[in-house]
Structure formats: C-alpha cells, structure tokens
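Chains as they are written, first to last, in the working numbering: chain P, 193 to 555; chain G, 193 to 555; chain U, 193 to 555; chain W, 193 to 555.
The set of hints was computed from the structure by calculation and includes no laboratory data. Possibly wrong hints are sitting among the right ones.
When chains are identical, the list treats them as one kind, so a pair holds in a single copy or across two.
[Stated by the list, open to error] In silico DMTMM-like links for lysine to aspartate or glutamate, alpha-carbon gap of 25 Å or less: (1) Lys515 <-> Glu306; (2) Lys491 <-> Asp219; (3) Lys446 <-> Asp333; (4) Lys252 <-> Asp239; (5) Lys329 <-> Glu466.
There are 4 protein chains.
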Amino acid sequence: MNIAMVGTGFIARAHSNAFHQVGRFFDVPFALHLKVVCGRDPSRVADFARQWEWQETAAKWESVVGRPDIDIVDIAAPNALHAPIAIAAARAGKIVFCEKPLALSVAEAEVMAETVGKRPNLVWFNYRRVPAIALAKGFIDEGTLGQVFHYRSYYFNQSGVDAGKAHSWRYKRADAGSGAIGDLLSHSLDTARYLNGEITELAASTHRFVPGREVDDAVQVMARFSNGSIGSFEASRFGVGRRNGNGFEIYGSKGSLGFDLEDMNRLRFFDATESPAVQGERNLLVTGPDHPYSSIFWKPGHIIGYEHTFIATLGDFLQGLAKGEEFHPNFEDALRVQRVMQKVEESAASGRWVKVSGSYLSG
Amino acid sequence: MNIAMVGTGFIARAHSNAFHQVGRFFDVPFALHLKVVCGRDPSRVADFARQWEWQETAAKWESVVGRPDIDIVDIAAPNALHAPIAIAAARAGKIVFCEKPLALSVAEAEVMAETVGKRPNLVWFNYRRVPAIALAKGFIDEGTLGQVFHYRSYYFNQSGVDAGKAHSWRYKRADAGSGAIGDLLSHSLDTARYLNGEITELAASTHRFVPGREVDDAVQVMARFSNGSIGSFEASRFGVGRRNGNGFEIYGSKGSLGFDLEDMNRLRFFDATESPAVQGERNLLVTGPDHPYSSIFWKPGHIIGYEHTFIATLGDFLQGLAKGEEFHPNFEDALRVQRVMQKVEESAASGRWVKVSGSYLSG
Amino acid sequence: MNIAMVGTGFIARAHSNAFHQVGRFFDVPFALHLKVVCGRDPSRVADFARQWEWQETAAKWESVVGRPDIDIVDIAAPNALHAPIAIAAARAGKIVFCEKPLALSVAEAEVMAETVGKRPNLVWFNYRRVPAIALAKGFIDEGTLGQVFHYRSYYFNQSGVDAGKAHSWRYKRADAGSGAIGDLLSHSLDTARYLNGEITELAASTHRFVPGREVDDAVQVMARFSNGSIGSFEASRFGVGRRNGNGFEIYGSKGSLGFDLEDMNRLRFFDATESPAVQGERNLLVTGPDHPYSSIFWKPGHIIGYEHTFIATLGDFLQGLAKGEEFHPNFEDALRVQRVMQKVEESAASGRWVKVSGSYLSG
Amino acid sequence: MNIAMVGTGFIARAHSNAFHQVGRFFDVPFALHLKVVCGRDPSRVADFARQWEWQETAAKWESVVGRPDIDIVDIAAPNALHAPIAIAAARAGKIVFCEKPLALSVAEAEVMAETVGKRPNLVWFNYRRVPAIALAKGFIDEGTLGQVFHYRSYYFNQSGVDAGKAHSWRYKRADAGSGAIGDLLSHSLDTARYLNGEITELAASTHRFVPGREVDDAVQVMARFSNGSIGSFEASRFGVGRRNGNGFEIYGSKGSLGFDLEDMNRLRFFDATESPAVQGERNLLVTGPDHPYSSIFWKPGHIIGYEHTFIATLGDFLQGLAKGEEFHPNFEDALRVQRVMQKVEESAASGRWVKVSGSYLSG
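Excised from the complex, chain P in its bound form:
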C-alpha cells in the first residue's frame, strides 16, 4: 500500500516512524510504502523525505491525494487543512488518516465524516493505544471499578507561557480553530469517551492569560456522563512545570485508576474489594506480562516511549483492515469529540449548562 502524507512537522515525524516500524512489531498482511510527502517549503520537504525515507516529495497536496497509485492519505498538517484534504482524499476513494482534532468546526467535521463514510479511516487519537490506557479500558470493561462516581481529567503543558510562540499556527483561530480545547482537551475527551462513555451535559469556562490571543489558553469543564458519573476536565498551556501532563483519575464503587502521560508506562490501581489491611494504590509497570502490546514490543520491564502509541494505533488499524473490522477512533468518534468541543465553547460563551446530544446525525 502506498502512502501520501501531508505535513513535515513534529507529528509528521511520528507518523513516518510508525509507517516504517509497524511491520517490525505487528504481524500485518500489508507492505507499506512511504510514497510521497507533501510540504510547501521545498528544502524542508526534501530534508524531511531524506531523513524519513519518503520516495517522492510534492509541493501541493492537491496534486497528490487523487493519484491512482496512492492507497492511503495521511493528514499531518495544521487543523485548517484537515477538512479539504480529507474530503478530497475520501472523494478519490482513498483510505484516510487524519490528525486530531478532526476539524475547525462541527459543520466541517460532519461533512468529513459523511464523505469518508464507511471507507476505512483513522483519527490519530493515539493515546488510546498507550498500554496503560488500554489496560484501564480492559479493567473497566470487566467491571473492576463497579459503579463509576468520578472521572477527573487534566492536560497541562507550559507551551503557552512563551509569548513569542503566538506566531505559530496553533495560536491563530483561522488555522487552529481553538487553543487548548483542540490541542489538549480533544485528547482528554477522546480518552474519556473511550473509558467512561458519553457526556450528556456540561458547563465550561475558557481563559486567555495573554491579552490579544485569538484562542483559549485554558479551559475548564464540569460534566455529567450517561453512566451517572460526574466529570471534571481542565486543560491549559500555562501549567508551568508540566511538559506533557495528560492524566486522569477514575473513582468507582469497587476501586480507582490513575494515569499520567509523563509516566506513560505506569497505571495506578486501587482495588477496594480486597481486605482493608492490604488495600493501597498499586503502581503497575504496564510492560507485561499479560498487558496490552507487551508481547509486541520489548519484554517485561523494558519500557516503551511516545512513538509506540502511533505504531500500535497503526498496527491495530491494519490488522482490523485485514479482517474487515471497523477501527476506532475513526472520523465518527472524532466528530463526537468535536461536538463536545463545540458545546464547551458554547457553554463558555453563555455561562450556562448545555446538553450534549449523543446522536451522531442529529447533532
């Protein structure tokens, strides 16, 4: 299968790496070829292609996404480009992979999801494939936590404190759509849906710490989930001291779980069904045995890093593709996240609680 990728930034490196590495760890019945990488700056795209072994380069994605020799179009470009590329690629019948957040708006995301339809597709909410998060999902599905009371989420980094960064596309409303909401909260929302189901109502607040910023620096959310639990979310680019502080805590009647991406190979687990004298938070080193992906990467005690979440996402996608199974998170999942993001902005503007429809088509 031939891949065309749009983008040459940090995340494009992570994608390229996954394309090269997936076959070394996952048993997949497809050979992936890194065919074309697209980028506007000729010298940058040439360097990128050399470093990451792409066969060709192109200046314009428009000339590439419809090429008959391309099977997969992968979007690793700024948010504003997600919709046009994805729609063009889908119309050309390609398999589409898209970075998160899916779109600038729900309206865009709806068109994207509709266009891509039942075609194989993937959105890079890569943290679902952190082994510790996959393990958490397994525990929850087995009923290990009992009735869930609290879902608490945070995503703090310090990227916004440097005022000089305001020139990046991530701080432009037209390019990024939003700030901490799309950049950070979208990850938290996808993880929350994965682990705890749909949000039914929320109240939110957004904040700009730097006057004149076009997008939110920080966002807070109080939420109710359809399973009766309550949620709190906070995401900020002003969490000084946190590099990639993406975590959650879940409290249920039978136990609790905790996670932080800065200690990505760990899951905290409290089992309230044990004898009281031995109840205590466990620090699970999620590198196997009997842990997700542990037989695929190294061996017990040998930790994995950030990039492996992309490899595992791709590995699961390709294995599912071979079996004809639907992959998650896909455009529909990402559309649902986009709806919640929009409700967050609505609530922050109105100061009121808003209902989040669980329905995909009616919004």
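We have chain P; now place chains G, U and W onto it with these hints.
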C-alpha cells in the same frame, strides 16, 4: 486560663491533645487548664474526661459557657450547635474557639462574627498550620511563583460510600448544613483564600450518588480569583481509595507548588527560573531546617502527624494573644468561607455563574 | 509509677512526651508520674523540667536511681552512661528503660543484661512500633512473602558532613563507642532481627571520610541470615540529601516489602501471588483500618509522626507489664544487636567473614 | 556499510531496530544495510530476517564474518560465542560490535581486545546512553556533586525465580560464564566506571538460591573507588516484583543523584548548595530541553523507551567514526569490566578483599 469544651468525638480528642501539648512545644505565657468537657451521654463524657484529663464534666453546655471561671469556650460539637454555643460564649465575654465550618448558613455566621466582634477567637481551619502549607504561603508571599495562572484543589475521601453511615449527623441537613461542602470543601476554600486570595466569581455543581441523601456527596467548582488566576475545586465523599486526599496545585509564571495531606510532611516545588536542564519538581521534606515549625517540634527528617496542626494553630493563637495580635483564621475568615459555600450552593441550584462579594459586611 | 529520667537532649524530649501521652492513647492500668529529671547543667535541666513538666530536677543520677519512691529509671544520656546507670538502677530493683545502642561494648552489655535479669525492662528501639513496620512483621509472620531471598537495609543521614559537629559526644569513641554503627546501624540491625531473624555470618567494612575522626562515618555489611536469605546493610552520616533515610526492602518468593522512615506512614507491598496483569507495588497508607495502632491514634488517613513510635513502645510495654508478659525489644535483644555490632567491627578490622553466634550466653 | 549480525533473540531485535532507526534520528554520513543475519535454526532465522528486513540469512557465522562485502560484524549471540566471532571478525578486518558481557573470562577478553586493537569497535553497554545517565555524567563532570562519598548500585529482576528457566543458556556455566554477574552486574559495573571511575579493591559474595544451579543467582559487592568513595553493588535474579530494577544512588558533598531504569526518563537530583528551605530531591523528566539526546528524539515531555538507548549508542558510534574519534564503551572498557567481574568471583570464592589493578595490560 480555664477551658470549657463542648464535644467528645474524634475532633474533641484532637483539641484536647492540643491543649495538653501546646506548652511543651510552644513558648506560651499562659497555663491552660482543661476544666470542663460537655457531652450529653454521661458515660461517654466521663470516659472522655478520664482519658483526656478534663477536671470536670457537664451534660449541658448552657450551664458551662457562662461560668465565671471559664476563659475559653471551645466548640467541638456538630455544626448545628456552633452558632448557639458561640453566641452564648461570646455574649458571656469568653474567648471562643470553633470547629469548621463556622455555621449552617451565612445568616448564622454573620451573627456569630458580629457577636464575637474583636474578642480573641479562632476557627479550627487547622491545615493552615501544616508546615508544608505554611511554607507554600511563604514562597507565594515572596513572589516565588510570579503571576498565578491556576489554582487547583481537591479533597477526596471515601466516607460516603458506606450507605450505613447515613445515620450520622454529618448526613442530616439540619445538623450539618451541607455534606461535602461543609465537611471538605470548606477546608479547601480556607486554604485557597490563605494562599491565593479571594474568589470573585464561581460556577458550581453538587451531586448525590445515594438516592435520598439530604446533603451533597460531591461538589465541583470553577472559580475566578481577584488576582486574575482561575481555580478549580472538587470535593467528594466518594473518592474510593483516598483516605484524606486533600491537596492543591498552583501554577504560576515562575513556578508551581503541589501538596497532598496524605503526604503531609511534603511540598512539591517546581522552580521555572532555574537553568532548564535542572528544572524538575522537588519533593521537599518540610521538617526543617528553615521550615515553619521545624525548630518547635522534632528535628530534621523526623516527621510530624495530624495532631500537630492543632498544636501549631493553638500555639500561634496564644503567642499572638500575648502580643495583642489578631489571629487568623478567625470568625471573620470563616464567615468569608461560609459566603463562598453559600454561593456554591446557589450556583449549583441555578446552574449559573454567581459573583462573590469580597466585602465582609455587605455580603 | 514514678519515673526518673537521665538526660535532657533531643531524645529526652521524645521520652518525656511519651510518658505524658501514653495514657491518652493506650488503655494502661498505671498512672505515670514524671518525678525527677537528671542533668548536669542546672539551668538546662531546670528549663527542661519546666517545659516537660517534671516535678523535680537533680544534678547527679547517682543520687536518684536508688530512691525508694522511684519505680522506673529511664536512660536518655550519652552511650557511655548507659551501663553504669542501668546497672545501678537494676541493682536497686528498678524497672529500667535504656536508649539504644545498649552499651559501648558486648562486655558491658552482657553485664547489663545479666544484672537487669528478668526484671521488666525496655530498650528504645522505637522503630519496631512504626505501624508500617509492625504491619510488615504481621505479613511476614503470616507467610505473605514465602521464602525470603534478600533483606536489604540502609540508614543514611547527612549529620556527619558538617565538620564542626566533631565536638559532639557522638564523635568521641569514649562517649559513643562507635559512629554510624551505634547511631544508625544498630536500629537497622534490630529491625532486621525483628523482621528476618538472626544473622549467622557477616563481612563488613567501615570508613572515615573526615581524617582524624575517632568513630566510623559509614559502614557496609554483607550478611547471611539463619533463614537462608542474604542481607546487605549500609549506614552513613554522609548521605547528603537524606534527613532520616532509614529503610529496607525484603524480597521473597511470594512478594516483597519496602519501607522508608521519611515516609513513615507508608509500606510498599508487592504480591507475587496475584494475577500477573494486576501485580504492582502497592503504596499502603498504614493508618488503618485493620492496621497496627490505627484505632489507638487518629483515624484512617490521619497520619502520625515520629513521637508516636515512642508512645506505642511504652504503651505496649505497660500493657504487657499488666499482663505479666515479657516485652521486646529488651536488654537481651539489645545485647544480641551489640554482638552483631562487635562482629561488624571485627570483620571491618580483619577484612574477613566472621561467624555470629546465635547463643545469648556463650557469645 | 553492510552489517552481518549473529543472533536472533530478544537482543538481536533491539540491534536490528537500531540499525534501521539510527539514520532517522542521527545525522550520520553512512548508509547502513542489514545484509546478513546468522542463526542455526533455519525457520527461526528466516522469520527473523523477514520481520526485521535482513537481506540474507546464514546458518553459520563462520561463513559470513570474513565476507568481503561485510563491513560490520555485530554479535548478538550467547556469551560463549562472543570470543570466537569477535576474534574472527577482527582478524578479517571488520568493525566489531559485541553484546555484553564481553567474554567468558578475562583471558578470552584480553585476546579479544588485543585482536580488535585500534579497529573501530563497540560493546553494547547501552545504558550509558540513557539520557538520564548521560545527564548524570554531565553533572558529575561539572563537579555538581563535589567530593563523592557513596556510590550505591543495584540490579534486581525476578528472572531466576522460575525454576523452569534453568534450561536457558543463561544458566549454563559453559555458555554464560556466570549468572547475575555477567547478566546484570556487568551493566552496573560499566555504569559505575562511567560515572565514578575505577574500583581499586572489593569484597564480594555470590549466592545460589536454587540447588544445582551452575551460575550465581545473586551477587553482593563492597568496593573502594580510586576517587576515595566507597561503593556497594547488589545484583540478583531473585528480586521478586522488580522487572528491570537497575539503579544507582550517588552521594557527594554538594548533592546527590538517583536513577532507576524502570523510570528511565527520570533522574533524581538533590542540590545541597541551595538555600536549606528549598533543598529537596528533584525529579527531572529528562526529555529536554537542554538534556542529552532531547533534540534528537521527540520533544519535551514525550518520553523514549528501551530501544532508544541502542539507537543513541549506535548514533554516537557512527558520528564518532566519521570524525575519527575513539568510541566508548569499547572492548577495552568491557575488558576492564571483565577484570572486575573476575575479581568479584575470586573474592566470593576466597572470602577476602582483593585488589583490582587499574592497568589494562598487566591485569
């Protein structure tokens, strides 16, 4: 000075201990005599008096608080009794110590604060005297954090999960006033005011996980502070796995701080002004040297426990009394907390943001 | 019961505190009276007596330990005084409490143990009564660890780095007997015996980092235990950054345990008999329920401090005394520790492995 | 450059991965070709070659290492094969890479080092390139720790507890040379040399917990370093609960450092030159900025895993090769480690302290 205390429960033990111990650690120019302890159950009060060396017992506080030989009235009784006892004691000219939360309502708290007036008084928001929290206060006052962006607070225990506890006064609206709000959030709010100043606006939500409960099991708050920072608070009796999980994180332009009461002798500190290669969260063992109260209790590395926060509160009060200084937290501080608690309940009922007046008299 | 205590230093404060506090937490059928405190410096002993409420002071212990109104003689004086005071007190028929290490030498310790004989006695190896250590003992006795492979112990503080301290009695061979061995390693050895049984053989090494020091600054030991496990011990006054870093790890066929005194309320526990996916180190907050001493002090999640280990030691002693039970650790236990200390010095001097006799009388 | 690799086990996967990945992260002026992989089992080597994209397979290394089209011979085979392969490859003029431990004995290692001579070579003591360990090295070289007092090292896993594993080559003396010594302690010794310099004297002890085992299950060492510090080492395959617990603590007059491979992206750092109130152990997340390798892999807060230590080792080797610089750790470094390993066995056998010659040739 002769003390009369009302109450024989857990917290009355902590107060009694402080009365005995304060002179052994603090240099105070007063001898404290544990004169009378009041409690309705004769055998219980007799046992308590024996164990904690109170000279006399009494069944009714009404017969005690006005006695001419009593100098200090200490209220360690359920919340509904705080107002009548405090008002009677203040009218009788006594020094009044009161457990938190101050009252069942702002109206009650206002009368209490007005009646006690300028008379020496104290409210047992004892966590201000955790050495780690006092150290945090010192850092903040010296400008160590720079401009504060985020104040994040949580207080989780698991006391509410056991349905059998619903018979306790803590679950009766008439006795307790509120649930997690008065029991847990009030502590968080006092600490927040102490460290980060006044809240100006908030939106809140309360929850009952057990049908039929008269009081809130959990509460969430989004807040804005007068210093421009934003706050999030969450308090719950359904934090399964947390015994006394009372903590905060503060993120500022120059650094951050973190604390959790289950590791009471620790303060986490991140200094963002250092050379990047050595920036990292420090785990300060706040047992000295140069730490608050460290020369008063044991010696570096020899940790203190829960009870010492009461001893230090009392020690500071008595040393201030000798110098004619006003003590904090006092009834006025607790009234301010009570106002915020009331706004939390208002916002939770209306689903709207509410303003919190910073003014003491006008409310 | 009337107590006479010799000493007015830091440890004498901890003892005095325990004498006052024991009856408030433990149900003991004895009233303790802090009768006389002995110290050479008249103003110092007067201040001490005032602060800690001793009824009388005395300059010379010789005039006190035989007084008919004294029931208990408590030794909180430098090591060189332990033997003469203990022997005099024992000959006068008193109950004797002694600080650790018991003596300057095995020879001294043997005379002390023989003289005190079957009379009730206690040595302040207080860390046996850290709730987390008592819990560890319970786990081990129940077979939770299976066959023990490794016992690893360390005790690091930074007290020796300041060269100015060399004037303290703790750095004089005549006063202290040894350095890190008696000050720190003796605690480690008592804990090891308590948890893992007797050492049968050892090889050791001692070090002085400051030229001219009379006593060891650091000591290392490799050991074999009678249960077939192997041990490593290291104790040092040059552990820069460690205030009271006294800990151990025990690895057995069914699990492992870990402890550090700087986090005194915690016990780390790994259960290797569980399903592999949930095996992970637990961080037990040893404040109950179902934990040692938890019903005696505060309540779950409310931590205790350094001083409570003395209170609990005394509480257990007095409850045992009432029942006619032998208390541990006593002079015989401390003599056994002294023998191992002497073997450590012998091995360090010879560079050879030495056998440690398990026999009390034959040495 | 064409590579021939001998071995198809776990470590061969890590090597293959590094050969593919190095050029994507490091700017290296060599193209690496994975030419031939050698393994005895035809189906196994075929599978391996397919998964890791080796161009050819071979059953016998003897037919490969001298091939004129081969530039680099990489040894990822059991210990007993290191010497014959390395010597043949060196004689054939190849660049030689060898897994650790270098050899079965010092005699073998001497011949290997002599044969390889000044030819470019590398020994896979990959942990020197853990960014946290490289950062520690930088701190030490800058004098951040002052005079070093204590070097403490441990390496615990639980691989030996399963009696069934005794059939692996790792438990055969003829194949492995030693047990925990070569498998685990050799890593600890290389790291110690790298960070703290040469050991001059040691006393050691080895243990077998399973009767009949040919090699040591555990080893303990007390050591003296040429810089005046003292060391303790312990390595064991019976550390139940530890998956890859390879760590160290270094205490110096100005501060201390700590590391554990299970939290590979972290370095603990205590700076004793700061104001006492802010002294505390820092938990550095060693992912940049200004950290070793941080600009090469992902970005701040995005952690790396086990495999990156091999990529970084290879990247440094190739960059050095281009500049004509000598690489470390090389055969000479590994020979020095081998000498210490031999002294460890000698001391364990004799029960005596032994001197370790610092001289390379004279042993």
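Cross-check of the supplied hints:
1. Lys515 <-> Glu306: within (23 Å within a copy, 56 Å between copies)
2. Lys491 <-> Asp219: within (17 Å within a copy, 29 Å between copies)
3. Lys446 <-> Asp333: within (13 Å within a copy, 29 Å between copies)
4. Lys252 <-> Asp239: For Lys252 and Asp239, the Cα distance is within 25 Å only inside one copy (16 Å; across copies 40 Å).
5. Lys329 <-> Glu466: Close inside one copy (21 Å) and across copies (20 Å); limit 25 Å.
Violated hints: none; the structure is consistent with every hint.
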